[in-house]
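> These are the residues of each chain, in order.
Protein chains: 2
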Amino acid sequence: MTEVRTGVSANSPETAKIVLSVDAMGGDKGPATIVAGLSRFLSDASDAHVILHGPQDELSRLVDRQKLSDRVTIRHAEDVVQMTDKPSHVLRHGKASSMWSAVEAVRNGEADVCVSCGNTGALMAISMMRLRKADGVNRPAIACLWPSTNPSGFNVMLDVGADIRADQDDLLTYAMMGASYARNGMGIEHPRIGLLNVGVEEHKGRAELKVAHDLIERAAPKGDFDYVGFVEGGDIPSNRVDVIVTDGFTGNVALKTGEGTATLISGLLREAFMKTPLSKIAALLAMTSLGRLRKRIDPRGVNGGVFLGLNKTVVKSHGSADATGVAAALMLAHRLATLGFSDKLAARVASAAALAQDTQIERSDDPAGKGRTSQ
Amino acid sequence: MTEVRTGVSANSPETAKIVLSVDAMGGDKGPATIVAGLSRFLSDASDAHVILHGPQDELSRLVDRQKLSDRVTIRHAEDVVQMTDKPSHVLRHGKASSMWSAVEAVRNGEADVCVSCGNTGALMAISMMRLRKADGVNRPAIACLWPSTNPSGFNVMLDVGADIRADQDDLLTYAMMGASYARNGMGIEHPRIGLLNVGVEEHKGRAELKVAHDLIERAAPKGDFDYVGFVEGGDIPSNRVDVIVTDGFTGNVALKTGEGTATLISGLLREAFMKTPLSKIAALLAMTSLGRLRKRIDPRGVNGGVFLGLNKTVVKSHGSADATGVAAALMLAHRLATLGFSDKLAARVASAAALAQDTQIERSDDPAGKGRTSQ
Numbered sequence: 003m004t005e006v007r008t009g010v011s012a013n014s015p016e017t018a019k020i021v022l023s024v025d026a027m028g029g030d031k032g033p034a035t036i037v038a039g040l041s042r043f044l045s046d047a048s049d050a051h052v053i054l055h056g057p058q059d060e061l062s063r064l065v066d067r068q069k070l071s072d073r074v075t076i077r078h079a080e081d082v083v084q085m086t087d088k089p090s091h092v093l094r095h096g097k098a099s100s101m102w103s104a105v106e107a108v109r110n111g112e113a114d115v116c117v118s119c120g121n122t123g124a125l126m127a128i129s130m131m132r133l134r135k136a137d138g139v140n141r142p143a144i145a146c147l148w149p150s151t152n153p154s155g156f157n158v159m160l161d162v163g164a165d166i167r168a169d170q171d172d173l174l175t176y177a178m179m180g181a182s183y184a185r186n187g188m189g190i191e192h193p194r195i196g197l198l199n200v201g202v203e204e205h206k207g208r209a210e211l212k213v214a215h216d217l218i219e220r221a222a223p224k225g226d227f228d229y230v231g232f233v234e235g236g237d238i239p240s241n242r243v244d245v246i247v248t249d250g251f252t253g254n255v256a257l258k259t260g261e262g263t264a265t266l267i268s269g270l271l272r273e274a275f276m277k278t279p280l281s282k283i284a285a286l287l288a289m290t291s292l293g294r295l296r297k298r299i300d301p302r303g304v305n306g307g308v309f310l311g312l313n314k315t316v317v318k319s320h321g322s323a324d325a326t327g328v329a330a331a332l333m334l335a336h337r338l339a340t341l342g343f344s345d346k347l348a349a350r351v352a353s354a355a356a357l358a359q360d361t362q363i364e365r366s367d368d369p370a371g372k373g374r375t376s377q
Numbered sequence: 003m004t005e006v007r008t009g010v011s012a013n014s015p016e017t018a019k020i021v022l023s024v025d026a027m028g029g030d031k032g033p034a035t036i037v038a039g040l041s042r043f044l045s046d047a048s049d050a051h052v053i054l055h056g057p058q059d060e061l062s063r064l065v066d067r068q069k070l071s072d073r074v075t076i077r078h079a080e081d082v083v084q085m086t087d088k089p090s091h092v093l094r095h096g097k098a099s100s101m102w103s104a105v106e107a108v109r110n111g112e113a114d115v116c117v118s119c120g121n122t123g124a125l126m127a128i129s130m131m132r133l134r135k136a137d138g139v140n141r142p143a144i145a146c147l148w149p150s151t152n153p154s155g156f157n158v159m160l161d162v163g164a165d166i167r168a169d170q171d172d173l174l175t176y177a178m179m180g181a182s183y184a185r186n187g188m189g190i191e192h193p194r195i196g197l198l199n200v201g202v203e204e205h206k207g208r209a210e211l212k213v214a215h216d217l218i219e220r221a222a223p224k225g226d227f228d229y230v231g232f233v234e235g236g237d238i239p240s241n242r243v244d245v246i247v248t249d250g251f252t253g254n255v256a257l258k259t260g261e262g263t264a265t266l267i268s269g270l271l272r273e274a275f276m277k278t279p280l281s282k283i284a285a286l287l288a289m290t291s292l293g294r295l296r297k298r299i300d301p302r303g304v305n306g307g308v309f310l311g312l313n314k315t316v317v318k319s320h321g322s323a324d325a326t327g328v329a330a331a332l333m334l335a336h337r338l339a340t341l342g343f344s345d346k347l348a349a350r351v352a353s354a355a356a357l358a359q360d361t362q363i364e365r366s367d368d369p370a371g372k373g374r375t376s377q
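Chains as they are written, first to last, in my numbering: chain A, 3 to 377; chain D, 3 to 377.
No wet-lab data here; the hints were simulated from the structure.
Treat the numbers as computed from the prediction; the structure is a model and nothing was measured.
The list cannot tell twin chains apart, which means a pair is met if one copy fits it or any two copies do.
List time: in silico DSS-like cross-link candidates among lysine-lysine, alpha-carbon distance up to 27 angstroms:
| no. | residue 1 | residue 2 |
| --- | --- | --- |
| 1 | LYS31 | LYS206 |
| 2 | LYS31 | LYS88 |
| 3 | LYS212 | LYS88 |
| 4 | LYS97 | LYS206 |
| 5 | LYS206 | LYS88 |
| 6 | LYS88 | LYS135 |
| 7 | LYS135 | LYS97 |
| 8 | LYS69 | LYS19 |
| 9 | LYS97 | LYS31 |
| 10 | LYS69 | LYS31 |
| 11 | LYS206 | LYS135 |
| 12 | LYS135 | LYS224 |
Produce the complete structure using the sequences and hints provided.
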């Protein structure tokens, strides 16, 4: 991805290696927050250039004020996808939107990676239509990072909301994609994969989970990951796994429950420290340590769900992200683009698809599943 | 429930109004922990008597040591249901177990309520077989309390793991049962009910959730609750709802994810306070406030999942509960028995069943669902 791009405006320095296509609209806090996040990001990422999509006049003012005009190319787009818009409506009527324009710049090769704070369903729908699913992927997934007691400080969970359904083959694909993401995005050579269930015993859970359990177990040696078997909700922030595989309904509920619990506890903690004069002094004394803790569990620090299973990488930032959150999502997008992640993932999934076919043939050869013991 | 029971041994004082049937075995920490919890509970609940199920000799020693023999009747049971036993196995071979014996004492009217720390699936299976489902209930549910920013400090969520499936009619029943539990167990006259989904917009989520959404909305006036519509994972610990309705797979994952997140943060908090000499002093100064916070989010304080939808009340304590946790589960069981909860719930569900039938008739009269606007 080092070639000089012709589609990028004259503002783009020839030296910029990574181009990010950023949707300025659709976040809850408006384009000023996006541009503020952009400014933080660009001061850290010297090799990055940004194409920013939205209303020309408004964005020009914001970009000029932050003195970013030599690092940012504005691409005018009239419309904004609203949080309440149905994906199907956006697919029919959203062509003039900043979101569509942002995806399009990745599609036509002007940019390496797309970032948006907008409506998740609409972003996934446009991305699937314009960027297409990678070979062998039936359902793309959204992967998020989760604070954990792992050495890296994070686990990956997918799907957290691309699709409310996932069958056994989708779950196998998620395992392969999650392993690839953990390897490339987080540098974990041999990631541990777990399948989310309501218990760790083999007889528990839905039928498709039991089949997926066998499929993923068989795929582990070729997929270059450890399969730890079923994991429970309590394992998500643990050091038992690196990647948690689940359907998008369960993953989305788990993600938001975890965030809600963290918010509840932070609020109660603040209350506890404001309670008495002594506890106020304590808060002052422990400020540095508590600041570190806050940073560690701050959802803004791990902002950015990555769409996996498309031909290009799209990063979805939280709709309510502030400048810190936006900068984190941009940094994640930049890292993945630098690694050439989408190509590596496509290669991994293609091999997974071949593998699943093999397994299916084995399964019909060996309906009792006795072949399993040979792996 | 004030009549003198003939089945209770001579140890039971005639004045005891509430009799709890307690499975002494099957918890991770063994019967000594159960008896320690029992001792704490009995010192608070002067009107309670306990029938304790398990190996006579071992339990006699423990009960004597705690000087509880006038408040506790031991019922000998040879076998113990293991955490790894399949429910179907226990139904066939578990008749000599302490768990079976504990349920049986409620079935034959010796006790008002049953409490066990053992295998959840087995306890539900025995309870369903021996106590039978209440009229109008297809799938019983397990309800748990969840720390929240509500005035009461807690929300109720169900189902958290009785069954991995729930169709639209089950979800309606859960709403009615959850409302009854919030009203009786927590004193909330007009509880707010929410249906867990991946977004609050009406078009989101699985098909059965959309139907359940309409069913619960229609049932709200007669069911004497407010229906707030779809809620997300982040709302579970919030003040937006009192009762969160979901299927047992999603509810179980959410519960364990919330617990896991709380455990992660507590661990990091402890670490933060041990980091520097200053933060250690801070920890000392804030000890009282932090103790209050710990108590507030301590899962032991809200220990006890309640089985709803059976003809009698069964309380499932956490397998890993310590004496404090066991005492909390016993206290919850005692409160529900005092209120005559199982009878109230049965009445409520019977009316829900009638209501669902009405709605079904309306639905087939009015397939376009236009009748909805009239409510």
